[in-house]
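Colleague: The residues making up each chain are set out below.
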Amino acid sequence: MNDGQYLVEVSNLRKRFNVRREQAATLKRVVTRLFRPYPHEALWALEGVSLSVKRGEIVGLIGVNGSGKSTLLRVIAGIYVPTEGDVVVNGQVGALFELETGFSLELSGMDNIFLSGSLMGYSRTQITEALPRVAEMVELEEFLQVPVKAYSSGMKFRLGFGIAMAFDPEVLLVDEVMAAADEAFQRKAYRRLREFRDSGSGVMLVSHEMDAVRSHCDRVIWLADGKIRAEGSTDEVLDAYLSEIGPEAGNNSNINSGR
Amino acid sequence: MRLVVRNLKVRYKNSALGFFWSFLNPLTQVIVMTIAFRYIMGSQIENYSVHLFTVLLPWQFFAQAVSDGSVSVAENIPLMKKFPFPRIVLPMSTIISNFVHLVLGLTVLVAVFVVLRVAVLPSFAWVPLFLVIQLMFMLGVLMMVAVLRMYYDDIRFILEALLRLWFFLTPLLYNIQMVMETERLTALHKQLYLLLNPLTPLMIGYRSALLEGGVWPLADFWFYLGVSAVISGLVFLVGLVVWRRYEWQLPELL
Ligand SMILES: Nc1ncnc2c1ncn2[C@@H]1O[C@H](COP(=O)(O)OP(=O)(O)O)[C@@H](O)[C@H]1O
Ligand SMILES: [Mg+2]
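Protein chains in written order, with the working numbering: chain Y, 5 to 263; chain R, 14 to 267.
I should point out that these hints are in silico values taken from the structure, not numbers from a laboratory.
One thing to keep in mind: the hints can contain errors.
Unchecked claim - Calculated pairs, SDA-like style, for lysine to any residue (alpha carbon to alpha carbon, straight line, at most 20 Å): (1) Y:Lys-192 with Y:Pro-136; (2) R:Lys-94 with Y:Gly-82; (3) R:Lys-94 with Y:Tyr-126; (4) R:Lys-94 with Y:Gln-96.
Bound-form chain Y, shown alone (with noise of 0.2 Å):
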């Protein structure tokens, strides 16, 4: 396979985005700036981040609300480009992120399957092949046919799991969506994160439950304000970030970073 032992490489990254104050621009300002640079606020969403994913670990990513890992995710799936810094990433990428996002909700599951796919740029056989492996994953076989608008936010669920792992990825980032699932979903998808970090993979998972934070992950990583604020094992680390948004916002919280 590969040769070096890093999934994923991430040095100093850092990302800014360009936030508009209004809504929208209308006519009569753009005509009015037409001559000055467009006014734009600068946020920083990630200001310097190093960082590493091994073959065979699977690294939770934890931090409040706003702190920047839905961006890291991203940057690192390369959906953003970075605005500074590296990322290197040395295999294929599977990516969970939002579930309301990327499904087209018109099409049945099925051909979600099929277009989600081609969108990461493997063939009508690869698709084909990998089918039954997604099917048998997502127990929906009586919905694969149904427009997914008429979906639970756990159907969902299990097809973009199904989906994010059919296509054997090296690494996977999963952005905040296990808790969608049912219990019984929720134990084997685990179970297939800890196979599949068995079998040499890596995995990157941003979860706001601290149980499962704890019994899954190998290291934690602890993003403040786009920021690595502390990184080690999984029990300093959360001891750490529970001590201090609160001993009451414990398990399964939205916390509100107050942005």
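For chain Y, the structure is supplied; the task is to place chain R with the ligands on it using the hints.
Modeller: Below, chain R with the ligands alone, put in the same frame as chain Y:
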């Protein structure tokens, strides 16, 4: 290319008659305009509906693809936020699906010729050349418009108004002979009319290749077509530069 086909499928999933509707649209336009111009205003052109239909098909291809294309890029931000696929797929798929409509329309047109026992002319062979120039121009415009659309929401209204104006500035409802013969325009105006709008020589070309056996109504037709090709090429290059610069920022824009 597979991605393009896939996108087509997304668009037509829910309308089994999708292609039919796209054909009906120019057809109704032709009927309305024939009534208006032929019978009410008494236009002198023979076979007015056939003339109109011949150029409305490529015009519709242009107008529809340009207005669809910018929307399609904006609408597919969720997909772009999920997969790092080549962004050019989005404008390309709009152009291709509209191109399919055009080809179907032209096929029907030729079929009608055959049924009416109008000769199928060797000058039809010019049509692909015009199409290549038109495609280059369209892709250039579309890449610029799609990026602009992400920054200025108003662009779609501007675009709509512009397309409406453009429609009348292109020889569709009237033919080029009428422009050249009128005395209300100076020679300079006529030159500008022919030089500045890359669609003008193309529409002249379609009409004469398909209906008049390639007897070009202008002595300098090939010169004007060349100008149109050069402008189209430049528009394409500028579009490409703009697109390359911004394509990966598209999903970041809110
Ligand atoms: N496309 C975007 N445009 C502008 N700002 C953004 C965009 N995406 C994220 N941000 C900002 O970047 C910061 C980090 O966001 P995000 O990575 O989504 O955080 P998390 O996933 O940890 O909740 C937030 O302040 C957010 O507002
Ligand atoms: Mg997030």
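Colleague: Hint check: Lys-94 of chain R vs Tyr-126 of chain Y, CA-CA at most 20 Å. Holds or violated?
Modeller: holds, 18 Å
Colleague: Taking only the CA atoms, is the gap from Lys-94 of chain R to Gln-96 of chain Y under or equal to 20 Å?
Modeller: Holds, at about 17 Å.
Colleague: Holds or violated: are the alpha carbons of Lys-192 of chain Y and Pro-136 of chain Y at most 20 Å from each other?
Modeller: holds, 17 Å
Colleague: Would you mind confirming whether the straight-line C-alpha gap from Lys-94 of chain R to Gly-82 of chain Y stays at or under 20 Å?
Modeller: OK: Lys-94 of chain R and Gly-82 of chain Y at ~10 Å, within 20 Å.
When held up to the earlier numbered hints, the structure conflicts with none and fits them all.
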